[in-house]
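Undergrad: Taken in sequence, the protein lines are chains W and B. Counting in our numbering, the first sequence runs from 103 upward without gaps. Counting in our numbering, the second sequence runs from 103 upward without gaps.
Take these hints with a grain of salt, some might be off.
What the hints assert, rightly or not - So the derived label-pair ranges between C-beta atoms look like this:
no., chain 1, residue 1, chain 2, residue 2, range
1, B, A162, W, E220, 27 to 33 Å
2, W, R290, B, R216, 19 to 25 Å
3, W, E220, B, K291, 36 to 42 Å
4, B, R496, W, R290, 49 to 55 Å
5, B, E582, W, R290, 46 to 52 Å
6, W, H539, B, R290, 54 to 60 Å
7, B, T547, W, G418, 56 to 62 Å
8, W, E220, B, T401, 16 to 22 Å
9, B, H368, W, L233, 50 to 56 Å
10, B, R216, W, A354, 28 to 34 Å
11, W, A151, B, K291, 53 to 59 Å
No wet-lab data here; the hints were simulated from the structure. Beta carbons: idealized from backbone N, C-alpha and C, even for Gly.
Number of protein chains: 2
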Amino acid sequence: MSRTSGLDVPVEIVLNRAREAPTLSDQIAHQLRAGIKSGVLRADDRLPAIRALATRLSVARTTVDTAYAQLIAEGYLHTRAGAGTWIAQTLPESATVVASPLGSALNAAAGSSRPLSEHARRLAEVSTTLLPQKQVPLAIIAPSEEMSPGRAWTQIANRFGRRPWRHAGYGEPQGYLPLREVVAEYARKFRGVHCDADRVVITSGSQQGMTLCAQVLLEAGDTAWVEDPCYTLMAATIAHRGVLTVPVPVDAEGLDVTAGMTLAPHAKAAFVTPSHQFPLGMMMSMARRAELLGWAARTESWIVEDDYDSELRYEGRPFPSLQGMDASSESVIYLGTFSKMMFPSLRLGYAIVPRPLVEAFAGARLLADRHSSESQQAILAEYIREGHYEIHVRRIRGLLQKRRQVLIRECERQLHAYGAVLPCDQGMHVVFRLHDHIDDVAVATPLRQGGLELRAISPFYVRNTTMRGFMLGFGGFTPEAIKAAVKTIARALAQHVA
Amino acid sequence: MSRTSGLDVPVEIVLNRAREAPTLSDQIAHQLRAGIKSGVLRADDRLPAIRALATRLSVARTTVDTAYAQLIAEGYLHTRAGAGTWIAQTLPESATVVASPLGSALNAAAGSSRPLSEHARRLAEVSTTLLPQKQVPLAIIAPSEEMSPGRAWTQIANRFGRRPWRHAGYGEPQGYLPLREVVAEYARKFRGVHCDADRVVITSGSQQGMTLCAQVLLEAGDTAWVEDPCYTLMAATIAHRGVLTVPVPVDAEGLDVTAGMTLAPHAKAAFVTPSHQFPLGMMMSMARRAELLGWAARTESWIVEDDYDSELRYEGRPFPSLQGMDASSESVIYLGTFSKMMFPSLRLGYAIVPRPLVEAFAGARLLADRHSSESQQAILAEYIREGHYEIHVRRIRGLLQKRRQVLIRECERQLHAYGAVLPCDQGMHVVFRLHDHIDDVAVATPLRQGGLELRAISPFYVRNTTMRGFMLGFGGFTPEAIKAAVKTIARALAQHVA
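One chain only, chain W, in its complex shape (with noise of 0.2 Å):
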């Protein structure tokens, strides 16, 4: 983020002077707020001072001193007589940062005399903080022979890869056209998007799908509504662009829209996990659905639609995207990937765009890192194209479907007298939800040490909450295996309560 707004902290305060707009005060404290609590503020950052700030954004010193005011009532800021402002070292609760800060691997290279910039610490941040799952249960996504595309994929690879380095120019950044063609006829046939082939961007997989929007559809400066509890990694994504992410809470019917319009009204996207929400596992309700589009459409915002893993529905009719309900075909942007029914070392994904945006999403997938791999897109293409992907996902599906029964009676014979799995038809994890008083970051740090994937819920959500559970993966794991995780999960919580 830009640190020329000439503030002792980097960020930029965007004020809305329109009559409607809450008060400059109301703004300037929101702002900061959304700032300590996506980490882009830090604890012992320094305020400017009070008459420096009301210069520069021109307004009355007691706006700015009210704003402040509010901030230390809540805990967020602290003051020392006649040393200025800071962030509190102690947040208060609801404040959990996105990524949480940790003594960085950076201070251990001492000896180096020039200084990190303050953007690169946090990207170090990132990476020493937001680290991949071990591939041990209960993992979301583990390797697993049986899941895999098998024999098929290794003839197709063998014809077409072979040589390589027939595509041995540089590609479209845009794509490989006979991949895009067979993405939309997929899409559109069982995801009932709007689209076709001069609308796919082929992408390296979701995460790049989100960092493409992030830099296409937003700003530094800009607000964008997160789903609370969301994706950490997306989360973090969008703060390192410069925009505040305001989590907005989700029920049993998904996303509060309601709630996104008070929260944060002028909010330039929405990024969502309708199908499957990430990671409760609730499917957004049409009501909700619709409410979400009339909202884009009115203020002109976007909504991303992460489909992470449509495909894994287990039962009951799913509803098509949102995309596919947006009248307009211009408020959303779809995200689909390979990675999580194929295997993520493919490394290709793709996204569905307005049509207004294709070359946006083009350049920048240019100015990132050209394209993808033309031999792995082929391959994919042809694949797809021959019809082995539709097969490869029923299989897939079907197995699922039997570790998912495994894991979900592993949870009621074991796991009763603490909780319950939250209902879900979809994907490739399960919810167990703990009774409230029940510490599920406690209980699971230890089995993470001791060589279980075991995510807690709470650390998912922004807002002070009492969701306690864990996120159990049951994907690349046998019945055994299922079972003896589980009875380990139960052997620590009689532990903890006890």
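With chain W held as given, fit chain B onto it using these hints.
TA: Chain B only, in chain W's frame:
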């Protein structure tokens, strides 16, 4: 770039009020001029009123007035009585923009009611103006079966790639350790780079390396030196980070470091191609290297060394990398790629970074796209480890040396009336310098439309130049194809000067 500064145009002005800094009006003029040249400010953008900008920057009105008057005199701005100050539609000749504005394809997407941001429009221009070269003579890179890594690659790919899902979880953003190990060994041995595997970050090629550098080293509002002329996509990559790129002239010894220190003494980074200046081809002299390293150490600035085709040295002894000459090991980020020697579809390259920056690069990579395909990394690691890469490079070098001789001989034979080949001992292209009065663009444009990939040299320059010439790639073509292409150029030149 953030628009939060409240200006009518998206430029951020950062003033250095130190006593040794240039005058404030010079700083304002310089930053506006750079913004216009880089394409961030565009024809008909309106500048803020003098009073408003003076208030915002906390300077006297005469300071802004002086800066505007200077730029009006230079032809960058014009003013309409009572209406304000605007970027001129016809810019002075020296202000060639980095990515030339084009009637974007977006305007064709009429019917769209939703306005695109300025930022999205510029990303779109990147994809509509910076098109990849067609794979026809005399493109710099083109498919060629003889230059492929061949059977050794296929065998290892079969062995390692048969079950790519073995690498099924998410990998390390920094890269697959066995590949980092062989890359470090290779860079130490052949390029004298100070490194071990801990300092290697695997990228998906030079372009991603450049983007990661821009993200880690620079922030919006910073200034960076680029060579003039330079690789257009590289300059666009930095400019899209919101950084002002200051073009620094090159002469026969490479980058003119003294000129850089005069033009932008407070630049945060210098992007250079010391072993084979792109596009002109000269090597940076030892004196200039020492001067550049001294500047970086003194000012705590970064040097990004793009060593994009160092394997292809035909005559004379190469200098070691600039990185290897940096006693502090703290100033230089070294970028290498496998696209050029293997095939672009491989999408693998590397950055070797100062130790304190490793985590920041890994974090930026995680946010960008997580990591490169582990199965591809494993295949390449084995290919290098077994010694095939060295053998491949030697073979390609011999093959290209012959093609290069054919091209140079044909230029001497058929084009001697129009200019001469610039001295250059490295790479996949040579530069044919035309006599100054011949218009390289006028000759190249119809030939490109006619199916010959001929790049004129003058558009690579930002500043006014008398240099006219062509980039001639010889890597992908048979001697017969090279002869025929030179003949076509000779005919076109004869017609042009007639």
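Undergrad: Determine for every hint whether it applies to the structure shown.
TA: Structure-based check of all given hints:
1. Separated by about 31 Å at the C-beta atoms, B:A162 and W:E220 satisfy the suggested range of 27 to 33 Å.
2. Taking 19 to 25 Å as the suggested C-beta distance range, the pair W:R290 and B:R216 conforms, at roughly 23 Å.
3. Evaluation of the 36 to 42 Å hint for W:E220 and B:K291 yields a pass: the beta carbon distance comes to about 37 Å.
4. Against the hinted window of 49 to 55 Å, the Cβ-Cβ separation of B:R496 and W:R290 comes to about 50 Å, which satisfies the hint.
5. At about 47 Å, the beta-carbon gap between B:E582 and W:R290 stays in the expected band of 46 to 52 Å.
6. Between W:H539 and B:R290 the beta carbon distance is about 57 Å. The supplied range of 54 to 60 Å therefore holds.
7. Our hint of 56 to 62 Å for B:T547 and W:G418 holds, since their Cβ atoms are close to 60 Å apart.
8. The given range of 16 to 22 Å is respected by W:E220 and B:T401, whose C-beta atoms sit roughly 19 Å from each other.
9. Between B:H368 and W:L233 the CB atoms are about 37 Å apart, so this pair departs from the stated range of 50 to 56 Å.
10. Between B:R216 and W:A354 the beta carbons are some 32 Å apart, a value that agrees with the proposed interval 28 to 34 Å.
11. Judged by the Cβ atoms, the range 53 to 59 Å given for W:A151 and B:K291 holds: they are separated by roughly 56 Å.
Violated hint: 9 only; the structure is consistent with all others.
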